[in-house]
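Engineer: Chain residues, written in single-letter form:
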Amino acid sequence: MNIITQPQLVSWLDSIAKERPLIAPRNVAGVLLYRPVENSSEIAWGPTRPLMSVKDVLFPPTERLLTIEKVGLEVKLTDTFPEGNVVVFGVRPCDARGMQVLDALFIDTEPVDPYYARRRGNTTLIGMACREMGPSCFCTSMGGAPDDTSGADIFLTELPGGFVLQVLTEKGEALLSELSLAGFYGELPKPSYNRPLNLVERDAWPTHFNDEYWESMAERCLSCRICAYVCPTCRCFAVRDEALLAPGQFERIRCWDSCAGENYRRIAGGHKPRAEKGERLRNRFMCKFYYYSEQYGLDKTVACTGCGRCVDACPVSVDITEVLAEFGR
Amino acid sequence: MNDTTYQNPMMPYLGKITEVRDLASEIKLFRVKMLNGGSQAFADYKPGQFAFVSAFGYGEAPFGIANVPQRGPYLDFAVNRLGNVTTALHELGDGDLIGVRGPMGNWFPMEEFRDKNLIVIGGGIGGAPLRPVIQHVLDHRAEYGHLTILWAARHPSLLVFTDEYDEWSAAPDIELHLTVDNPDQQWDRNVGLITQLLEKVAPSPLNAVTITCGPPVMIHFVGKLLEKMSFDPAQNYVTLEARMHCGLGKCGRCNLGEKLVCVDGPVFTMKEAGELLESFL
Numbered sequence: 016m017n018i019i020t021q022p023q024l025v026s027w028l029d030s031i032a033k034e035r036p037l038i039a040p041r042n043v044a045g046v047l048l049y050r051p052v053e054n055s056s057e058i059a060w061g062p063t064r065p066l067m068s069v070k071d072v073l074f075p076p077t078e079r080l081l082t083i084e085k086v087g088l089e090v091k092l093t094d095t096f097p098e099g100n101v102v103v104f105g106v107r108p109c110d111a112r113g114m115q116v117l118d119a120l121f122i123d124t125e126p127v128d129p130y131y132a133r134r135r136g137n138t139t140l141i142g143m144a145c146r147e148m149g150p151s152c153f154c155t156s157m158g159g160a161p162d163d164t165s166g167a168d169i170f171l172t173e174l175p176g177g178f179v180l181q182v183l184t185e186k187g188e189a190l191l192s193e194l195s196l197a198g199f200y201g202e203l204p205k206p207s208y209n210r211p212l213n214l215v216e217r218d219a220w221p222t223h224f225n226d227e228y229w230e231s232m233a234e235r236c237l238s239c240r241i242c243a244y245v246c247p248t249c250r251c252f253a254v255r256d257e258a259l260l261a262p263g264q265f266e267r268i269r270c271w272d273s274c275a276g277e278n279y280r281r282i283a284g285g286h287k288p289r290a291e292k293g294e295r296l297r298n299r300f301m302c303k304f305y306y307y308s309e310q311y312g313l314d315k316t317v318a319c320t321g322c323g324r325c326v327d328a329c330p331v332s333v334d335i336t337e338v339l340a341e342f343g344r
Numbered sequence: 059m060n061d062t063t064y065q066n067p068m069m070p071y072l073g074k075i076t077e078v079r080d081l082a083s084e085i086k087l088f089r090v091k092m093l094n095g096g097s098q099a100f101a102d103y104k105p106g107q108f109a110f111v112s113a114f115g116y117g118e119a120p121f122g123i124a125n126v127p128q129r130g131p132y133l134d135f136a137v138n139r140l141g142n143v144t145t146a147l148h149e150l151g152d153g154d155l156i157g158v159r160g161p162m163g164n165w166f167p168m169e170e171f172r173d174k175n176l177i178v179i180g181g182g183i184g185g186a187p188l189r190p191v192i193q194h195v196l197d198h199r200a201e202y203g204h205l206t207i208l209w210a211a212r213h214p215s216l217l218v219f220t221d222e223y224d225e226w227s228a229a230p231d232i233e234l235h236l237t238v239d240n241p242d243q244q245w246d247r248n249v250g251l252i253t254q255l256l257e258k259v260a261p262s263p264l265n266a267v268t269i270t271c272g273p274p275v276m277i278h279f280v281g282k283l284l285e286k287m288s289f290d291p292a293q294n295y296v297t298l299e300a301r302m303h304c305g306l307g308k309c310g311r312c313n314l315g316e317k318l319v320c321v322d323g324p325v326f327t328m329k330e331a332g333e334l335l336e337s338f339l
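Read top to bottom, the protein sequences are chains A and B.
For what it's worth, my numbering labels the leading residue of the first sequence as 16, then goes sequentially.
For what it's worth, my numbering labels the leading residue of the second sequence as 59, then goes sequentially.
One thing to keep in mind: the hints can contain errors.
To be verified - FRET-style restraints, in silico, Cβ to Cβ:
1. Asn278/A <-> Met69/B: 50 to 60 Å
2. Thr63/A <-> Leu335/B: 36 to 46 Å
3. Glu233/B <-> Gly343/A: 54 to 64 Å
4. Glu277/A <-> Glu170/B: 52 to 62 Å
5. Leu335/B <-> Asn278/A: 36 to 46 Å
6. Arg344/A <-> Ser97/B: 57 to 67 Å
To be verified - Each computed PhoX-like pair below joins lysine-lysine, with the alpha-carbon atoms no more than 20 Å apart:
7. Lys74/B <-> Lys91/B
8. Lys329/B <-> Lys282/B
9. Lys174/B <-> Lys85/A
10. Lys286/B <-> Lys258/B
11. Lys86/B <-> Lys74/B
12. Lys91/A <-> Lys329/B
13. Lys282/B <-> Lys258/B
14. Lys91/B <-> Lys104/B
15. Lys174/B <-> Lys329/B
16. Lys74/B <-> Lys85/A
17. Lys33/A <-> Lys186/A
18. Lys91/B <-> Lys91/A
Hints were generated in silico from the structure; no laboratory data involved.
Source: prediction; values computed, not measured.
No residue lacks a Cβ here, since even glycine has one placed at the ideal position from N, Cα and C.
Just chain B, same shape as in the assembly (with noise of 0.2 Å):
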C-alpha cells in the first residue's frame, strides 16, 4: 500500500539494462534506463555518488555510478562477478529489469577542481568511479587545467575502459599512463605497481588535485607517496568502498568510527581520512 506520510527510500526505482559488455575478465558494464519515477530520481547525480543496485530475488549491493548523467539518459555500472549479487547481475541481459536506489552519498567536488591541474589514479575495478570524473573533464575540457591519467591493474585482461582510451587520449593537454603488475606477451606499457607509475611520472604539486580510487592498500600506498611527493593530504581526494545494506545511514554496517561512509562518503580528502578515528585499511 502507499503511504502518504513517507516515501520508502527502501524501495527501490526500476531499471532496464539496454546494453552488457566486457569490461574486462569478470567485469560487465550494464547500462541502465531508468523507468518512470527513478528518471526523475536519477535526473542529476555527480561524479562519485553510487547507488544501490538490485538484482530481484538475489539482493541489492552498491555500486559506484560509471557516468556522468550529461553523456545521456542511463547509468552505468561496472560490475565485478565476486558474490551472490553480482553473480546474478552477471547473469541478466538487455531488457531484464533490475531495482537501483539512489543517486547516495557525497560526490567528488568537481567545481573547486576548476582550473587545477587534476591527477586521476585508479586501480582495476577501482576506476569505475573515477570514469564520471574524467567524462566531467573531457566535457568541460576548458574548464579543467591539465590531466594526468595512472591507471592500473593486476593484469591486462583487468584493465578497464580500454575501449576509451583512445577518447581519453584525443582530447588536448590529457596524458594516460598504464601500468600492470603482471603482464602478458603483447603488454608492451608500464610494469609494476601504481606506486611505481606515479613516482616515474612525477606530477606536481602545484594547483593540482589528485583523485584516486582502488584496493584499500593501493589508497594507503598511493597516499603515504604523494605526501613524500609534496602534495598536501588535504588535496589528495579518495572514495572508500565499505560493506553496507542501506546507504541511508541506518543499517550500521559501513561506519569507520564516528563516520559513516555512505552518508559521510564515499568520498573523502585524504587529510579526512587519515584523521578518521579508525582507519580504513
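Just chain A, with the same shape it has in the complex (with noise of 0.2 Å):
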C-alpha cells in the first residue's frame, strides 16, 4: 500500500484525462454523474454515490451493434465495436461490484459479448471508498462494504491530506506505472456501518413466489421502469433497428430495458404473459435475490449490490429493502 497525496492525486489524473478519456463523479447541472471530465478540476470529491451508476461506461443506455447498409439486392453488415482505453475515476465499492455482476453474464458465461468484453477489458476502474454508508445503502447487507475493494484495478482510501493507494491489477499496476509514491504501513481508516438487514436464505427465495405480498406492493408501482435503470446489475435490453438519414442506411441498436415495463413480454398476436405489475415487480426481486445467480453461477452473490440508488429514485417509495425485510424477518 501506498500513500498518494491530494497534489500528486490531482496531477496523475490530470496526466491521465490527456492521454484517454477519464470519466470521474462531475456535478452536471446540479446532478451528481459519472461523466467525462476534460481535467482534475472537474471532478466533484464529495461524499455521495453519484445518482446514476457506472454501468452505463461498460454498458450504454443506447448502443450501436451493427450497421446496414442496402445497396440493390446487397445488404453490408459491419460490427461497430467501441475502440480505445478508458479509466474510471472514484468508483464506490457497489458500482464496481456491480460490475463484476454483468461480467458474469456478459463474459463468463457463453458466448462472450464482444461489446461489453472490449469496454470492460479497455476501462481501468479506481475505486473509492466511502467514509460512510449513505442513508439508503445496504451494502454490507449484500457482500459488500464501503471498503469494499472488488472489482476495482486501483483502490483509494481517504486520508487527511492524501489517499491509502492500493493497486489490486495488473491494469492498474501498468496505469500506475511512472508513479513513485511513498509508502503506508498504517491501520486503513475503517467507514461506520449501517445496521445489516435480516436477509433469507437465497435458497428460500422460490417459496416465497405465490406470496399474496407481491400483489399488494405493486399496487403503487407506476411501472416507470427507474429503478432498472439506476441500477447497477440490471441489464435487459431490447434491440431494434434504426433508419440513419441517408437512403438505405440502418443501425441496429440495443438498449436498456426492464422487466417492470408493461409489454416487456408481449408476444405479436396479443398474449400478454406477467401482465399483472405484482408478477413484474416480484421477477425483478426474484431476479434480483435468486434467478440471476442461479443462471449465471454466481453461488452465493446475488444481483444487488446494496447501493439504495432504487430506494432513492423510486417516485412511490417502492423500497428493496423492505422487501428484503418482508421475508428477512
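Since each chain comes alone in its own frame, lean on the hints to assemble the complex.
Structural biologist: And the structure:
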C-alpha cells in the first residue's frame, strides 16, 4: 500500500486525462453523474455516490451493434465495436461490484458479448472507499462494504491530506507505472456501517413466489422502470433497427429495458404474460436475489449490490430493503 | 472491424430467399439459402431448434426452423404476419436477403424417441416447429413406431402445410387427424378443439411420447388431458414460445422463473414445464 497526496493525485489524474478519456463523478447541472472530465478540476470530490451507477460506461443506455447498408439487392453488415481505453476514477464499491455481476453474464457465460467484453478490457477502474454509508445504502447486507476493493484495479481510501492507494490488478499496475509513491504502513481507517438487514436464505426465495405480498406491494408501482435504469446490475435490453439519414442505411441498436414494463413480454398476436404489476415486480426481486445467480453461476452473490439507488429514485417509495425485510423477518 | 478474440453472436449471417409460398391465411413459408459462413453455421440443426431472422431495417425475431437439414441446403421459416418484423418479412420475395442467427436452443431428443409411438399435436402456426419432427420420422420411418398427427386450427384457412398432408398420409403406419374450431362450408373433417380430437382419437400412452406445440392455453389443456389419459408428464414434450431479443441467454426477456426459454428450452417435457417456478401461461 502507498500514500498518494492530494496534489500528486490531481497531477496524475490530469496526466491520465491528457492521454485518454477520464470519467469521474462530475456535477452536471446540479446532478452528480459519472461523466467524462477534461481535467481533475471538474471532478466532484464529495462523499456522495452519483445518481446513476457506473454501468453505462460498459453497457451504454443505447449502443449501436451493427450498421446495415442496403444497396440494390445487396446488404452489407458492419460490426461497430467500441474502441479506446478509458479510465474511471472515483468508482464506489457498490458500482465496482455491480460490474462483477455483469461480468458473470456478459463475459463468463458463453457466448461472450464482444461489445461489453471489449469495453471491460479497455476500462481501468480507480475505486474509492466511502467514508460512511449513505442513508439508503445497504451494501454490507449484500456481501459488500463501503471499503470493499472488489472489482477495482486501483483502490483509494481517504486520509487527511491524501489517500491510501492499493494496486489490485495488472491493469492498475500499468496505469500507475511511472508514479513513485511513499509506502503506507498504518491501519486503514474503518468506515462506519449501517445496521445490517435480516435476510432470507437465498434458496428460500422460490418458496415466496406465490405470496400475496407481491400484488399488494405492487399496487403503488407505476411501472416507470427507473429502478432498473439506476441499478448497477439490471441489464435487460431490447434490440431494434433504426433508420439512419442516408437512404438504405440502418443501425441495429440495443437499449436498456426493464421487466417492469407492461409490454416487456408481449408476443405478437396479443398474448401478454406477466400482465399484472405484482408479477412484474416479483420478477424483478426474484431476479435480483435468486434467478440471476442461478442463471449465471454466481452461487451466493446476488444481483444487488445494496447501493440503494432504486430506493432513492422510486417516485412511489417501492423500497427493496422493505421487500428484504418482509421475507427476512 | 474484425475482432480476432471474439465471435460476434449478434452478427447475422446472410441468407437469400429462394421461395415464398402462402401456407395459410397471413402465413407465408420462406425458403432461405444461407450464404458464406451461414451455410457452415447451419450445416446441421435439430428438430425443435430456432433461429433469429432479420428483416433488415425493421429488426429481428425468433422463429422455429420448419425443416430438417437432410431435406436440402435451405432453411424453412413459417411467418405469421402480426408485428413489425413479420410484416416486413411478408414484403420480401425471391432473391431478397435476410439475416439469420442460430441455430439456437435445445431440440426434441429424436434418438430417445426411437421405436416409440409418436403423437404429434400441433395448433395453428405451432405446427411449424413440429414439421421437422414429422419429416425426420418420414425419412427414418423404420426407426419409429406408429405416428399419430393431430393438427388443428381455428379455421380451415389457418391450417398449415395442407399441401403436405398427402405425403404424410401416404407413409406407412401414420394417421393424420384434422380439426378446426370454426368450419367453412367445404369442411368435412372434425370440428372442435384439439382436446376433443385427442379424446376421440384416444392414443395409448404405452411406449409413446407426445410432442405438442401451439398457443400456451392449448398446451396447458392438452397437458391436463394427457395426464387424465394416463400419460406421464415426462413422456409429453412441448416447445414454448417467448418474447426474445437475443437468443443467447443475455437479454433477460424470456425467463420463466430461473429458466431461460432461449437456452434452457424451447423444448421441455410437460413435467419440466409444470415444475417451472413461473407458469408459461
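Engineer: Hint by hint, say whether it matches the structure.
Structural biologist: Status of the hints after comparison with the structure:
1. Asn278/A <-> Met69/B: 50 to 60 Å: 27 Å, violated
2. Thr63/A <-> Leu335/B: 36 to 46 Å: Holds, at about 38 Å.
3. Glu233/B <-> Gly343/A: 54 to 64 Å: 57 Å, holds
4. Glu277/A <-> Glu170/B: 52 to 62 Å: 40 Å, violated
5. Leu335/B <-> Asn278/A: 36 to 46 Å: With Cβ atoms ~22 Å apart, the hint is violated.
6. Arg344/A <-> Ser97/B: 57 to 67 Å: 59 Å, holds
7. Lys74/B <-> Lys91/B: Within the cut-off at roughly 5 Å; holds.
8. Lys329/B <-> Lys282/B: 11 Å, holds
9. Lys174/B <-> Lys85/A: The given pair, whose Cα atoms are some 49 Å apart, is violated under the 20 Å limit.
10. Lys286/B <-> Lys258/B: 13 Å, holds
11. Lys86/B <-> Lys74/B: Holds, because 16 Å separates the two Cα atoms, which is no more than 20 Å.
12. Lys91/A <-> Lys329/B: 45 Å, violated
13. Lys282/B <-> Lys258/B: 15 Å, holds
14. Lys91/B <-> Lys104/B: 17 Å, holds
15. Lys174/B <-> Lys329/B: Holds: Lys174/B and Lys329/B sit about 19 Å apart, inside 20 Å.
16. Lys74/B <-> Lys85/A: 14 Å, holds
17. Lys33/A <-> Lys186/A: 18 Å, holds
18. Lys91/B <-> Lys91/A: 17 Å, holds
Consistency note: the structure conflicts with the earlier hints numbered 1, 4, 5, 9 and 12.
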